[in-house]
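*Asks:* What follows is each chain in one-letter form.
2 protein chains.
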Amino acid sequence: MISGSLKSGLDSHEVGSWLSGEGPDGEIVISSRIRLARNLTGLKFLGYTSDPEQEEILKSVNQSLSAALISHGRGLVEVDDLSPLEAQFLLERHLLSPDFLKSNAKRGFFTTVDESFSLMVNEEDHLRLQMFGSGLCLENLWDSMGKIDERLNSVMPFSFDERYGFLTACPTNVGTGMRASILIHLPGVVLTKEIDRVLRGVLQLGLSVRGTYGEGTETKGHLFQVSNQRTLGQSEEEIVSTLTKMASQLIKYEQEAREYISTKMSSYIEDKLYRSIGILKYARMLTSDETLNLLSTLRFGIGRFPNLTAGRLNKLIVLTRPANLQLFFGEELTPEQRDRKRSDLVKRALKNVEA
Amino acid sequence: MISGSLKSGLDSHEVGSWLSGEGPDGEIVISSRIRLARNLTGLKFLGYTSDPEQEEILKSVNQSLSAALISHGRGLVEVDDLSPLEAQFLLERHLLSPDFLKSNAKRGFFTTVDESFSLMVNEEDHLRLQMFGSGLCLENLWDSMGKIDERLNSVMPFSFDERYGFLTACPTNVGTGMRASILIHLPGVVLTKEIDRVLRGVLQLGLSVRGTYGEGTETKGHLFQVSNQRTLGQSEEEIVSTLTKMASQLIKYEQEAREYISTKMSSYIEDKLYRSIGILKYARMLTSDETLNLLSTLRFGIGRFPNLTAGRLNKLIVLTRPANLQLFFGEELTPEQRDRKRSDLVKRALKNVEA
Numbered sequence: 002m003i004s005g006s007l008k009s010g011l012d013s014h015e016v017g018s019w020l021s022g023e024g025p026d027g028e029i030v031i032s033s034r035i036r037l038a039r040n041l042t043g044l045k046f047l048g049y050t051s052d053p054e055q056e057e058i059l060k061s062v063n064q065s066l067s068a069a070l071i072s073h074g075r076g077l078v079e080v081d082d083l084s085p086l087e088a089q090f091l092l093e094r095h096l097l098s099p100d101f102l103k104s105n106a107k108r109g110f111f112t113t114v115d116e117s118f119s120l121m122v123n124e125e126d127h128l129r130l131q132m133f134g135s136g137l138c139l140e141n142l143w144d145s146m147g148k149i150d151e152r153l154n155s156v157m158p159f160s161f162d163e164r165y166g167f168l169t170a171c172p173t174n175v176g177t178g179m180r181a182s183i184l185i186h187l188p189g190v191v192l193t194k195e196i197d198r199v200l201r202g203v204l205q206l207g208l209s210v211r212g213t214y215g216e217g218t219e220t221k222g223h224l225f226q227v228s229n230q231r232t233l234g235q236s237e238e239e240i241v242s243t244l245t246k247m248a249s250q251l252i253k254y255e256q257e258a259r260e261y262i263s264t265k266m267s268s269y270i271e272d273k274l275y276r277s278i279g280i281l282k283y284a285r286m287l288t289s290d291e292t293l294n295l296l297s298t299l300r301f302g303i304g305r306f307p308n309l310t311a312g313r314l315n316k317l318i319v320l321t322r323p324a325n326l327q328l329f330f331g332e333e334l335t336p337e338q339r340d341r342k343r344s345d346l347v348k349r350a351l352k353n354v355e356a
Numbered sequence: 002m003i004s005g006s007l008k009s010g011l012d013s014h015e016v017g018s019w020l021s022g023e024g025p026d027g028e029i030v031i032s033s034r035i036r037l038a039r040n041l042t043g044l045k046f047l048g049y050t051s052d053p054e055q056e057e058i059l060k061s062v063n064q065s066l067s068a069a070l071i072s073h074g075r076g077l078v079e080v081d082d083l084s085p086l087e088a089q090f091l092l093e094r095h096l097l098s099p100d101f102l103k104s105n106a107k108r109g110f111f112t113t114v115d116e117s118f119s120l121m122v123n124e125e126d127h128l129r130l131q132m133f134g135s136g137l138c139l140e141n142l143w144d145s146m147g148k149i150d151e152r153l154n155s156v157m158p159f160s161f162d163e164r165y166g167f168l169t170a171c172p173t174n175v176g177t178g179m180r181a182s183i184l185i186h187l188p189g190v191v192l193t194k195e196i197d198r199v200l201r202g203v204l205q206l207g208l209s210v211r212g213t214y215g216e217g218t219e220t221k222g223h224l225f226q227v228s229n230q231r232t233l234g235q236s237e238e239e240i241v242s243t244l245t246k247m248a249s250q251l252i253k254y255e256q257e258a259r260e261y262i263s264t265k266m267s268s269y270i271e272d273k274l275y276r277s278i279g280i281l282k283y284a285r286m287l288t289s290d291e292t293l294n295l296l297s298t299l300r301f302g303i304g305r306f307p308n309l310t311a312g313r314l315n316k317l318i319v320l321t322r323p324a325n326l327q328l329f330f331g332e333e334l335t336p337e338q339r340d341r342k343r344s345d346l347v348k349r350a351l352k353n354v355e356a
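Protein chains in written order, with our numbering: chain A, 2 to 356; chain B, 2 to 356.
Just so you know, these hints were derived from the structure itself, not from any lab. Treat the hints loosely; a few may be bogus.
A pair holds if it fits inside one copy or across any two, identical chains being indistinguishable in the list.
[As the list claims (entries may be wrong)] With a cut-off of at most 35 Å between alpha-carbon atoms, the simulated DSBU-like pairs for lysine-lysine come out as follows:
1. Lys265 <-> Lys342
2. Lys45 <-> Lys342
3. Lys253 <-> Lys352
4. Lys316 <-> Lys273
5. Lys194 <-> Lys60
6. Lys60 <-> Lys342
7. Lys253 <-> Lys316
8. Lys253 <-> Lys60
Keep in mind that this is a model prediction, so the values were computed, not measured.
Extracted from the complex, chain A is given alone in its bound form:
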């Protein structure tokens, strides 16, 4: 398989615009994300539908995408048509969910080329809409998402109850059907050992935290995903506002931690930073986890080395994930081949980062 032939229409050499690092506070907040769970009115929830009914949902969504002027000619991709590698590639890009890939339902998927908007059909609900943006931008994101939601609702009305709000397959999503989250990089808070205290504060506010690219709550590369837990009894604006306030708080903690580090632990961090550059530039084999951790440390060098930008590091973090790497090089690779190719890619990308 070569790049360009991807069913999803994505370019395996590029990453989503939400990884540009150029959004507000992009040095600390990688991205913002809003996801909406929606179901088509007059139809059963997915768990009670037959194959023909699932096909019907796919068809209906496909038509609505065109009618709402979203798909611009390229409609849904059927998930069964994706190669296992491309499916994994989309999972690594956070465009598909693990549950979606495991399911036996007739599933469809759509993404804009810049990956800012995507949707899954017949995941847990008939529709899961998703928007990504760079940095801390939940308010703008909800603005855009709200408009898309309305456009779609006008061509395919969503299941809605005056009292409960949007109806969803699982009660935990009823109400707004919204999950808003930010992906935030907190190496300073971790290194100053303040992370447990900080995360307790996040949980007390009724938010939830998990690592990214990690199983369960394990965090890798000092990356944390913070999201709302409640969907009922709060408006979308309230959810966005609570999360934005918490994010601003976390940014402040992280800035303070980095300031502390730069006075008290500077030689330790400097050493860690330079070693990471040394290993990334010289290693002949790099696993994806080690790469993630080393690139995470390199974020300390943003602003210090002219060619080291948040966007460049974000891009490398995604392109070095296993499936992304294989599609970047346009071939299936064994784990050992991947580790070698990954080090090639990293070396090339960091060539003009001089220490």
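Given the coordinates of chain A, work out where chain B should sit on it, guided by the hints.
*Replies:* Frame of chain A, contents of chain B only:
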């Protein structure tokens, strides 16, 4: 303290000629060493002597060194006149023993500028003579040492018994008074997990093994010191011959292990080698143990990188030990300052090693 002012007469920027790496099998055998324990005839063993008697021994040895044309004008240095830093420096260079430094006796010390021959007065015995050579060269070493031994014996007769041989303070040295050893680098045998089996074979031959720069039997940097245990009932030639045969065997094992590695584990070793270069070139702080281990791994690159020679690595291993490092830079340093200066020194030394 600045280099050049060292009491021992050594240059803190140079290391002993026995570290040149140019001796036979110098890529695997760092060095050979022969040590003789001798006592002056007609005098009590050290443990039974008074301070004036110890002074007398020092004086007598000093005169004999000139008479035997060994000291060339520069006589014994009194150990109490050495700064703690220079004493540590000489310990790191294997010219003084730990026990010698701890002792309360009146002690004297002499070394040639190239460190090939040195002696301690009033260590456990009145005299401990020591010769170092590059690579596997025990036979040549014994040849030279035998001559020095005879020259000294002719001007200050040594305690000798027709039946037992040379008499020593501790019975474990009676007979030849000789301890012969080689310092050998066995990363291949360690990496292929054959080291335990190999060392058992060494012990079965009545030889003893220990690590270098390590406490007790701990080995660091894959460096092992193999020496004879028996001094009685074997001639010097037999000791030298047994040890030389064992060394040749170990060299063969190591070569086989490296060959195996280069076919089966080549990418693993290659990666380890390049990472070591990356860390040594980029780290801002290096402890002496980490440096030893990284430099040990770099020995795999001898012959692969034009500017990487065994002699250069041997030299760096010694110059980066704590006291050597401080005397190299001509100042006392805190542990953190040492780690920074060590990385400076290493970076400078490896500047023209390009990967």
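*Asks:* Each hint should be assessed against the structure and marked as holding or not.
*Replies:* Tested hints:
1. Lys265 <-> Lys342: Intra 38 Å, inter 19 Å, cutoff 35 Å: inter-copy only.
2. Lys45 <-> Lys342: Neither way: Lys45 and Lys342 sit 47 Å apart in one copy and 71 Å across, limit 35 Å.
3. Lys253 <-> Lys352: within (33 Å within a copy, 41 Å between copies)
4. Lys316 <-> Lys273: both (21 Å within a copy, 26 Å between copies)
5. Lys194 <-> Lys60: neither (52 Å within a copy, 62 Å between copies)
6. Lys60 <-> Lys342: neither (40 Å within a copy, 69 Å between copies)
7. Lys253 <-> Lys316: Classified as within: same-chain Cα gap 25 Å, cross-chain 49 Å, threshold 35 Å.
8. Lys253 <-> Lys60: Neither. Shortest intra-copy (47 Å) and inter-copy (72 Å) distances fail the 35 Å Cα cut-off.
Checked against the numbered hints listed earlier, the structure breaks hints 2, 5, 6 and 8; every other hint is satisfied.
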